[in-house]
Amino acid sequence: MSVAEAHAEAARGFIDVRNIGVTFGRDENEVVAVKEVSINVQPGEFVSLIGPSGCGKSTLLSIVAGFVKPTKGAALLDGKKITKPGSDRGVVFQQYSLFPWLSVRKNVEFGLKMAGVDQNKRLTTARSLLDLAGLLSFENHYPDQLSGGMKQRIGIVRALATSPQVLLMDEPFGALDTQTRVVMQEILTNIWQQFRISVLFITHDIEESIFLSDRIYVMTARPGRIKAEIKVPLPRPRTPEMTDTPEFMNLVQELKGLIREESLAAMAPEIKDRGLSGFGMKVGPKGVGELY
Amino acid sequence: MSNMARAKVVAIPIPTGQIDPERILESTMTSTPEKPQAPVTEGQAAPAPVAAEPEVVPTLSFRTVARSLFKHITRDRIISFLLGCISISALFLVWYLGTKYRFEFYIRFKNVPTPAEVFNQLTQVGLSNKYLVNIAISVKRILTGFFIAIAIAVPLGLLIGKYERVRDLFMPCVEILRPIPAIAWVPMSIMLWPNNEAAIVFITFIGAFFPILLNTIHGVHSLDGVLVRAGRCLGANEAQLFWNVILPGSLPHIFTGLAVGMGVAWVSLIAAEMISGQFGVGYFTWEAYSLVDYPAIMLGMITIGVLGLACSGVIRMVGVLLMPWLAYAPGGRR
Ligand SMILES: Nc1ncnc2c1ncn2[C@@H]1O[C@H](COP(=O)(O)OP(=O)(O)O)[C@@H](O)[C@H]1O
Ligand SMILES: [Mg+2]
Chain A
8 MSVAEAHAEA ARGFIDVRNI GVTFGRDENE VVAVKEVSIN VQPGEFVSLI GPSGCGKSTL
68 LSIVAGFVKP TKGAALLDGK KITKPGSDRG VVFQQYSLFP WLSVRKNVEF GLKMAGVDQN
128 KRLTTARSLL DLAGLLSFEN HYPDQLSGGM KQRIGIVRAL ATSPQVLLMD EPFGALDTQT
188 RVVMQEILTN IWQQFRISVL FITHDIEESI FLSDRIYVMT ARPGRIKAEI KVPLPRPRTP
248 EMTDTPEFMN LVQELKGLIR EESLAAMAPE IKDRGLSGFG MKVGPKGVGE LY
Chain B
99 MSNMARAKVV AIPIPTGQID PERILESTMT STPEKPQAPV TEGQAAPAPV AAEPEVVPTL
159 SFRTVARSLF KHITRDRIIS FLLGCISISA LFLVWYLGTK YRFEFYIRFK NVPTPAEVFN
219 QLTQVGLSNK YLVNIAISVK RILTGFFIAI AIAVPLGLLI GKYERVRDLF MPCVEILRPI
279 PAIAWVPMSI MLWPNNEAAI VFITFIGAFF PILLNTIHGV HSLDGVLVRA GRCLGANEAQ
339 LFWNVILPGS LPHIFTGLAV GMGVAWVSLI AAEMISGQFG VGYFTWEAYS LVDYPAIMLG
399 MITIGVLGLA CSGVIRMVGV LLMPWLAYAP GGRR
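The listed protein sequences correspond, in order, to chains A and B.
Going by the numbering used here, the first sequence opens with residue 8, and the numbers climb by one from there.
Going by the numbering used here, the second sequence opens with residue 99, and the numbers climb by one from there.
Keep in mind that the hints were calculated from the coordinates and are not lab data.
Among these hints, one or two may not hold up.
What the hints assert, rightly or not - According to the in silico footprint, chain A covers these stretches of chain B (three or more CB under 8 Å from chain A):
1) 237-245
2) 323-333
What the hints assert, rightly or not - Using 20 Å as the maximum straight-line C-alpha spacing, the simulated DMTMM-like pairs for lysine to aspartate or glutamate come out as follows:
3) A/Lys79 / A/Asp23
4) B/Lys198 / B/Glu215
5) A/Lys87 / A/Asp23
6) A/Lys91 / B/Glu336
7) A/Lys120 / B/Glu336
8) A/Lys113 / B/Asp391
9) A/Lys76 / B/Asp391
10) B/Lys238 / B/Asp322
11) A/Lys263 / A/Asp221
12) A/Lys76 / A/Asp95
13) A/Lys234 / A/Glu268
14) B/Lys198 / B/Glu336
Note that the Cβ used here is the ideal one computed from N, Cα and C, for glycine as well.
Modelling step: build the complete structure from the supplied sequences, incorporating the hints.
Below you can see the structure in the form of structure tokens.
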């Protein structure tokens, strides 16, 4: 039985975020980062969170990860309140977060080592995960020897190594170039297809969110609230060809419209009032893509 | 620049044509491992992929042995070595010329022994028990003081760096004691400790302690927070986090502290030996001065220099062995 199969048999996590509010700072420095947000991720579901930058996406993910305590409300994993980080939630960060002093394989083994898993078991698990990521031949390299895309792939399988209930990803491909990013999305759907783990995925890339997700939450500009919830009816497994279908295009249009309003709202009030055309820019529904 | 120079010498089969590092999609689907990418950095330390290439299977012959020797002798290293020789020769030349012509213009070379006299002294004294025992005693004192300093300063530094409260508790003391040079501790140390030996080791310890402590604290502070968060997410508890993330992450700065601390430890040791000592290289040098034995003074000084150099060399070597990843770090050692 492969790691993926073993994992897929285990229970998958159910994330339930209820009426979360987060306020940073005090008095005149007070920043309301998130206001009254309720979201959920069903067991085995891939859910994206999309919204203009600064709207509180990372804050929300940090609450589920256990780094930040909400000012209001609570986040639950399988009915239990989340209070601190733990290996039941795998996290992939936007910044590269591999330990530079460990070899690629030791990085993947890290979580298992912390859990006291014996060396042979660690080795076989890490090897099969690296094989899954197509990076087995790099097991003895150091992270600094690898490209950005490779590092993120290792980050993903490292987070999967401890068989977490859910996978939390904060713009994991944000630092990659467009070509690499497209390939990484395909790899991620492939891995997800095998693990069927619940995923909360943060992005500001519309196509990315549609290609990967079962469901998408659109957030408003700060203070972040949920503006819309969109189901993605595209069949699984997803293939690159699907991005050319009319269904996909329609979803892109729909999301672009929603996001455009919020991106404008996130900017200075003058821009909001006049609209971008007031600055001599031609903004059709497609042109908003240039904003990112 | 040095990477390029080295890459020319190391024989690594670099496939023609660009390898696209992201050409992995098929491999994820079929689960066949990707071909190793041509080593991005120098190949010397890229272990697995090179060994996997069949044509590199080594056959032990004079040629391969010679080649493996030669691959370490790069142009870059030859140049560094030559420049090092020039720099030391220049020092000797000034000394030689100054003593030969008895240079005297404000600085007086009149009583300075010639290199030949010092060399003579070495061949006589150097074989004597007294000189070697003095060296052994100094080295023992240095190592004792230095290792006690490591044992206290590194854990304390990690705690101070990590916990605000520990910092609040210890830093006021540290800030007051730190500006006091180790030499100023000599009288107090003699009063404080039951014997001379303990007093000297203590002064050596004081010298090494603060550089190691402060660099360790700095190491913790400059550790990328995302690594600590990653460690937590992967299930590390507080103790595991210290051992597996914070310590290795601070190690480069700790080693900077060790190198600086070793230097200060020698300064402190020699001063202590000169003032209060029996035995030791510092005592040897001071005794030579009171006996007006000029060549011995010079020999003592050179001995101190060489011992200090050897100690920092050992620290650097241990650092390279313990932190092999630094060879690839951006803006790192090379
Ligand atoms: N630790 C913090 N202290 C104060 N303000 C913060 C902190 N973290 C985030 N914020 C603020 O909260 C808002 C939301 O941030 P974030 O969740 O990172 O947004 P996003 O990930 O959507 O770009 C931002 O305006 C940011 O400046
Ligand atoms: Mg963010």
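We went through each hint and held it up to the structure:
1. Beta-carbon proximity to chain A at under 8 Å applies to 0 residues in the region 237-245 of chain B; the threshold of 3 is not reached and the given coverage is violated.
2. Interface restraint, the region 323-333 of chain B with chain A: holds (9 residues with C-beta to C-beta distance below 8 Å; minimum three).
3. A distance of roughly 14 Å separates the Cα atoms of A/Lys79 and A/Asp23; the hinted pair therefore holds under the 20 Å criterion.
4. Using a Cα cut-off of 20 Å, the hinted pair B/Lys198 and B/Glu215 holds, with the two alpha carbons roughly 12 Å apart.
5. At most 20 Å may separate the alpha-carbon atoms for a hinted pair to count; A/Lys87 and A/Asp23 meet this at roughly 9 Å.
6. Only pairs whose Cα atoms come within 20 Å are accepted, and A/Lys91 paired with B/Glu336 is accepted, the gap being roughly 12 Å.
7. This hinted pair checks out: A/Lys120 and B/Glu336 have alpha carbons roughly 14 Å apart, not beyond 20 Å.
8. This hinted pair does not check out: A/Lys113 and B/Asp391 have alpha carbons roughly 59 Å apart, beyond 20 Å.
9. Under the criterion of a C-alpha separation no larger than 20 Å, the hint pairing A/Lys76 with B/Asp391 is inconsistent with the structure, at around 73 Å.
10. Straight-line distance between C-alpha atoms of B/Lys238 and B/Asp322 comes to about 38 Å, which puts the hinted pair past the 20 Å bound.
11. Only pairs whose Cα atoms come within 20 Å are accepted, and A/Lys263 paired with A/Asp221 is accepted, the gap being roughly 18 Å.
12. For a cut-off of 20 Å, the pair hint linking A/Lys76 to A/Asp95 stands: about 18 Å separates their Cα positions.
13. A C-alpha spacing of about 11 Å is found between A/Lys234 and A/Glu268, which places the hinted pair at or below 20 Å, so the restraint holds.
14. The hinted pair formed by B/Lys198 and B/Glu336 fails the criterion: a straight-line CA distance of about 65 Å is larger than 20 Å.
Checked against the numbered hints given earlier, this structure breaks hints 1, 8, 9, 10, 14; the rest are met.
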